[in-house]
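Undergrad: Here's the letter readout for the chains.
Protein chains: 2
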Amino acid sequence: MKITIAQINPIIGDLPANAEKILEVAKQAADGKVNLLLTPELSLCGYPPRDLLLNPGFVEAMGITLQQLAKDLPANLAVLVGTVELNSKAHLNGGKALYNSIALLRYGKVKQVFHKRLLPTYDVFDEHRYFEPGLQANYFTLNDVKIGVTICEDLWNDEEFFGKRSYSINPISDLSNLGVNLVVNLSASPYTQGKQSFRETMLKHSAVRFDKPIIYVNQVGGNDDLIFDGRSFALNRRGELTCRACGFDTDLLQLEFDGKKQDLIVSSIAADYECEDEEIWQALVLGVRDYLRKCRFSKVVLGLSGGIDSSIVAAIATAALGKENVLGVLMPSPYSSESSIKDANDLAVNLGIKTTKLPIGELMKSYDNTFSELFANTEFGLAEENIQSRIRGNLLMALSNKFGYLLLSTGNKSEMAVGYCTLYGDMNGGLAVISDVPKTRVYSLCHWLNRNREIIPQNVLTKAPSAELKPNQTDQDSLPDYEILDDVLQRLINEHQSAAQIITAGYDAATVIRIIQMVARAEFKRRQAPPGIKITDRAFGTGWRMPIASNWLAVKNVY
Amino acid sequence: MKITIAQINPIIGDLPANAEKILEVAKQAADGKVNLLLTPELSLCGYPPRDLLLNPGFVEAMGITLQQLAKDLPANLAVLVGTVELNSKAHLNGGKALYNSIALLRYGKVKQVFHKRLLPTYDVFDEHRYFEPGLQANYFTLNDVKIGVTICEDLWNDEEFFGKRSYSINPISDLSNLGVNLVVNLSASPYTQGKQSFRETMLKHSAVRFDKPIIYVNQVGGNDDLIFDGRSFALNRRGELTCRACGFDTDLLQLEFDGKKQDLIVSSIAADYECEDEEIWQALVLGVRDYLRKCRFSKVVLGLSGGIDSSIVAAIATAALGKENVLGVLMPSPYSSESSIKDANDLAVNLGIKTTKLPIGELMKSYDNTFSELFANTEFGLAEENIQSRIRGNLLMALSNKFGYLLLSTGNKSEMAVGYCTLYGDMNGGLAVISDVPKTRVYSLCHWLNRNREIIPQNVLTKAPSAELKPNQTDQDSLPDYEILDDVLQRLINEHQSAAQIITAGYDAATVIRIIQMVARAEFKRRQAPPGIKITDRAFGTGWRMPIASNWLAVKNVY
Numbered sequence: 001m002k003i004t005i006a007q008i009n010p011i012i013g014d015l016p017a018n019a020e021k022i023l024e025v026a027k028q029a030a031d032g033k034v035n036l037l038l039t040p041e042l043s044l045c046g047y048p049p050r051d052l053l054l055n056p057g058f059v060e061a062m063g064i065t066l067q068q069l070a071k072d073l074p075a076n077l078a079v080l081v082g083t084v085e086l087n088s089k090a091h092l093n094g095g096k097a098l099y100n101s102i103a104l105l106r107y108g109k110v111k112q113v114f115h116k117r118l119l120p121t122y123d124v125f126d127e128h129r130y131f132e133p134g135l136q137a138n139y140f141t142l143n144d145v146k147i148g149v150t151i152c153e154d155l156w157n158d159e160e161f162f163g164k165r166s167y168s169i170n171p172i173s174d175l176s177n178l179g180v181n182l183v184v185n186l187s188a189s190p191y192t193q194g195k196q197s198f199r200e201t202m203l204k205h206s207a208v209r210f211d212k213p214i215i216y217v218n219q220v221g222g223n224d225d226l227i228f229d230g231r232s233f234a235l236n237r238r239g240e241l242t243c244r245a246c247g248f249d250t251d252l253l254q255l256e257f258d259g260k261k262q263d264l265i266v267s268s269i270a271a272d273y274e275c276e277d278e279e280i281w282q283a284l285v286l287g288v289r290d291y292l293r294k295c296r297f298s299k300v301v302l303g304l305s306g307g308i309d310s311s312i313v314a315a316i317a318t319a320a321l322g323k324e325n326v327l328g329v330l331m332p333s334p335y336s337s338e339s340s341i342k343d344a345n346d347l348a349v350n351l352g353i354k355t356t357k358l359p360i361g362e363l364m365k366s367y368d369n370t371f372s373e374l375f376a377n378t379e380f381g382l383a384e385e386n387i388q389s390r391i392r393g394n395l396l397m398a399l400s401n402k403f404g405y406l407l408l409s410t411g412n413k414s415e416m417a418v419g420y421c422t423l424y425g426d427m428n429g430g431l432a433v434i435s436d437v438p439k440t441r442v443y444s445l446c447h448w449l450n451r452n453r454e455i456i457p458q459n460v461l462t463k464a465p466s467a468e469l470k471p472n473q474t475d476q477d478s479l480p481d482y483e484i485l486d487d488v489l490q491r492l493i494n495e496h497q498s499a500a501q502i503i504t505a506g507y508d509a510a511t512v513i514r515i516i517q518m519v520a521r522a523e524f525k526r527r528q529a530p531p532g533i534k535i536t537d538r539a540f541g542t543g544w545r546m547p548i549a550s551n552w553l554a555v556k557n558v559y
Numbered sequence: 001m002k003i004t005i006a007q008i009n010p011i012i013g014d015l016p017a018n019a020e021k022i023l024e025v026a027k028q029a030a031d032g033k034v035n036l037l038l039t040p041e042l043s044l045c046g047y048p049p050r051d052l053l054l055n056p057g058f059v060e061a062m063g064i065t066l067q068q069l070a071k072d073l074p075a076n077l078a079v080l081v082g083t084v085e086l087n088s089k090a091h092l093n094g095g096k097a098l099y100n101s102i103a104l105l106r107y108g109k110v111k112q113v114f115h116k117r118l119l120p121t122y123d124v125f126d127e128h129r130y131f132e133p134g135l136q137a138n139y140f141t142l143n144d145v146k147i148g149v150t151i152c153e154d155l156w157n158d159e160e161f162f163g164k165r166s167y168s169i170n171p172i173s174d175l176s177n178l179g180v181n182l183v184v185n186l187s188a189s190p191y192t193q194g195k196q197s198f199r200e201t202m203l204k205h206s207a208v209r210f211d212k213p214i215i216y217v218n219q220v221g222g223n224d225d226l227i228f229d230g231r232s233f234a235l236n237r238r239g240e241l242t243c244r245a246c247g248f249d250t251d252l253l254q255l256e257f258d259g260k261k262q263d264l265i266v267s268s269i270a271a272d273y274e275c276e277d278e279e280i281w282q283a284l285v286l287g288v289r290d291y292l293r294k295c296r297f298s299k300v301v302l303g304l305s306g307g308i309d310s311s312i313v314a315a316i317a318t319a320a321l322g323k324e325n326v327l328g329v330l331m332p333s334p335y336s337s338e339s340s341i342k343d344a345n346d347l348a349v350n351l352g353i354k355t356t357k358l359p360i361g362e363l364m365k366s367y368d369n370t371f372s373e374l375f376a377n378t379e380f381g382l383a384e385e386n387i388q389s390r391i392r393g394n395l396l397m398a399l400s401n402k403f404g405y406l407l408l409s410t411g412n413k414s415e416m417a418v419g420y421c422t423l424y425g426d427m428n429g430g431l432a433v434i435s436d437v438p439k440t441r442v443y444s445l446c447h448w449l450n451r452n453r454e455i456i457p458q459n460v461l462t463k464a465p466s467a468e469l470k471p472n473q474t475d476q477d478s479l480p481d482y483e484i485l486d487d488v489l490q491r492l493i494n495e496h497q498s499a500a501q502i503i504t505a506g507y508d509a510a511t512v513i514r515i516i517q518m519v520a521r522a523e524f525k526r527r528q529a530p531p532g533i534k535i536t537d538r539a540f541g542t543g544w545r546m547p548i549a550s551n552w553l554a555v556k557n558v559y
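Sequence order for the protein chains is A and B.
For the first sequence, the numbering used here gives the first residue as 1, with consecutive numbering after it.
For the second sequence, the numbering used here gives the first residue as 1, with consecutive numbering after it.
One or more of the hints may lead you astray.
What the hints assert, rightly or not - Going by beta-carbon spacing under 7 Å, a handful of chain B positions derived as facing chain A:
#: 1; residue: Pro56
#: 2; residue: Gln68
#: 3; residue: Ser166
#: 4; residue: Tyr167
#: 5; residue: Leu363
#: 6; residue: Met364
#: 7; residue: Leu382
Stated by the list, open to error - Interface residues of chain A toward chain B, partial, derived using beta-carbon atoms under 10 Å:
#: 8; residue: Gly94
#: 9; residue: Cys446
#: 10; residue: His447
To be clear, the hints were calculated from the coordinates, so they are not data collected in a lab.
Each residue gets a CB set at the ideal place from its N, CA and C atoms; glycine is no exception.
Extracted from the complex, chain A is given alone in its bound form (with noise of 0.2 Å):
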């Protein structure tokens, strides 16, 4: 049996858009006598729909592109499209109005529909607030296989890997008893960090255990703050990997299932990735192209300060839609150091983007005119320096207006996670690029972008960090030493240890504090923030939900 995984990039919402490109993938594979089409969770309306799924003209335009889509698709191919269906029972039993769902298309009709049983509601994921769990096993019978359905979550319960569960059942147990042959997983898994590989090994482990070979369809591209990798991959029944597509991109993979040996036979494997930082940079420039694309934008600005910050977006804004569709911004202020204005240069020299300059200086007095009586008798402070910010932001964002470009901030997590960032200032954009990006991170994505020649200019990478909104400042004037704070925030925030716990390996009580603090008194920043590109298990934004007016400092020593 002839097996197509159409790892495909939806856009959120758009039916027509998304239904035709299953059409176009589902003719091609037809013409390769293709039995069976898998594509990704929710395939036809994209992952993550979100609140649209509140709109009941929304539900009701999936069912009927479904419908559609089922007469168009060529008669002969089974295809599993991603959608939603009504819970018909939701008011006599109570529970949520929908299911997230797998439609089984083949004749031109909808013949089975498939329900997902473990409903993710962590992190970024909200699926209690839309769907009911399914309760029952799911599998149809094709060509005398017996493929198990499951959807994304169903297999990330296998309590022998995990040594814990996270929901009551294990849905491919339930499938091994029912004897199926085959086991598809149609997921929309963001990208992490190293996740690609916690999924096969956690794939393989379940693989031989249940001695089932596991086709894995995973959704690519970019849908605001989150980045789907695809990487779609199979495994036979002793847990080799038979096959994986490309990541980072639209693939289709072509995989065999012997019936003879009731397993997947061994087809294309794309390679890994050399490393995080690779792979990591791939995320990023995949999160921009996509932002831009869906928001039906094609060019972007960001201010250029000559730092490492705004030093890689531009690199990776860049690689994402070419160097004629970046506008670097110099916006010198009397602050600003002659080193500062040489390597901005320099890096737009490097990757070949256009500049232009804008100095800030007479501004800065315009303002210092305005508040000249009221700020009579006070001293230089934060209310200057962030005047400064904010005459950039301003700037930048009437470039935005007057000429079309989508505004990029710079900002990187270990800046947003203390608040070393101005609010309407150097925060500006629509999309925050690296804001889930540590400091320690941008400098080993420069070093690994600069392995065969130079475009983060050299002085970039050995000069002390300064956002120079005053002489001869550094971030470290106010910060920390980089190495220190962000082992510090991974601790905070990515492993929810207590002060107590990361005083105890080794750090100082004070500074332990004083960052706890800091990231407690961001959070009025952080709400008002640009989408940012997640790339770690714990990112600030939509998997991010403190209160603002709270006081769980008052506990700090139990932090």
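On the provided structure of chain A, position chain B as indicated by the hints.
TA: The following block gives chain B in isolation, referenced to the frame of chain A:
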């Protein structure tokens, strides 16, 4: 049996302060020979604690605080305290790590713990993210009275009242079968327009249906976007109101349960509000007051344009904080009319607040100079309009940073819906006071406010609304009449109607489609908006989770 409802206002996450509040009230109750003290849902940490619950150190601290509180309380008094309990079997059986719980404290100990059974996961609620539902009916016995314990949502599934089920079980039905004499409901139920009357009608139905007296305890206070209105109340077995606490403030309400009649006796009933405007006004005032207090600010600054939005926000802030704590800033441009300046000054006089004036003409010229080359041969447009708004935003934030004022933003819901507002300009602020108040309601609030004497100047109420960002501009150059816009938005946002349905209701098709498009396209602005005080059943903010990079307009004929 004497019972006291402690309608308290906790600070999110401030365990020591919240425990202290409960202790104070308990001492008063013990002095009054009260037998049972009731506090709201999660009274120890405040509701909603959100992702603080993902921090094991926080959960541990809550447990320690609860044990200590049990020891500190008057021994003889039974106290119900809202807290969380670990789900010790989560690893074995699957399930979330915590239970949303009520602890019965007495004689220095935690005597019993009750688990919430129905977990709201819709709109602003994310309880499935943190909690496992309780499986058992909850009750305890005190002075021979069998008291059923329910937590908030547990009583919001009366299928007879709603005509449908939202959950498979109805906890009060189980309690009735167990023969309880009295049902208490410990809640944290956020305010929305008209909700109190809905609560009383709904619980009256359950009281009568099950022939049980019901005591409803609600939290009070503003926590970010959510306003808890208090108005705790009780109903006797015939569903008659026997008492009601005040709205939008802390209160202690005394009740008496007559053991012979097996019913509650009538005590004090706080009056209803005279109209919806008064109720909304109270919500907004409390929202501002608590956001400031809980963020440890005392003073606010806001721009006064002479328009109706900034006028009502200034009035709300004055009522919340006192006139000495409100600074109004006039920032006239060459496009500002004389009457706008007069209107703003008249308002300030009526409110007794200070003002300062910072004309922006010189700053506008500086930006013009900066862009003289780049913008040469382009027409005055959105970019130039937004520059003005962002100059004002920068000035206001500089005052905020310099003097420690919190900046209030003044945009209304109609503007936020269609994006008639400037990101990083007039949207700037720590709190968006009226971002859930439609423009037509802003007018109605002002008329109500002026019922005794002029507070909002007459001219503000009668002139055509204008952003004054170019000569002779009015809102209706860009937007449909507000009466039309607000009704279409209500249908679209709050009632989930499709375009077809709204058009059928009598609206012009092109207008409806245009409004829907504007709402979709403004998503990127709303994502970066400050938290806004929720007063309707569907506000932008934590309960509105829309994708940005999407294309739902592709199926606009269905919407």
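Undergrad: Take the hints in turn and mark each one as holding or not.
TA: Hints and how they fare:
1. Pro56: Result: holds, 6 Å to nearest chain A Cβ.
2. Gln68: For Gln68(B), the interface hint is violated, since the closest Cβ of chain A sits about 12 Å away, which is over 7 Å.
3. Ser166: Since chain A brings a Cβ to about 6 Å from Ser166(B), closer than 7 Å, the hint holds.
4. Tyr167: 4 Å, holds
5. Leu363: 5 Å, holds
6. Met364: 9 Å, violated
7. Leu382: Cβ of Leu382(B) sits 5 Å from chain A, so the hint holds.
8. Gly94: Holds, because the Cβ-Cβ distance from Gly94(A) to chain B comes to roughly 4 Å (cut-off 10 Å).
9. Cys446: 27 Å, violated
10. His447: At about 31 Å, which exceeds the 10 Å cut-off, the nearest Cβ of chain B leaves the hint on His447(A) violated.
Hint compliance for this structure: hints 2, 6, 9 and 10 are broken, all remaining hints hold.
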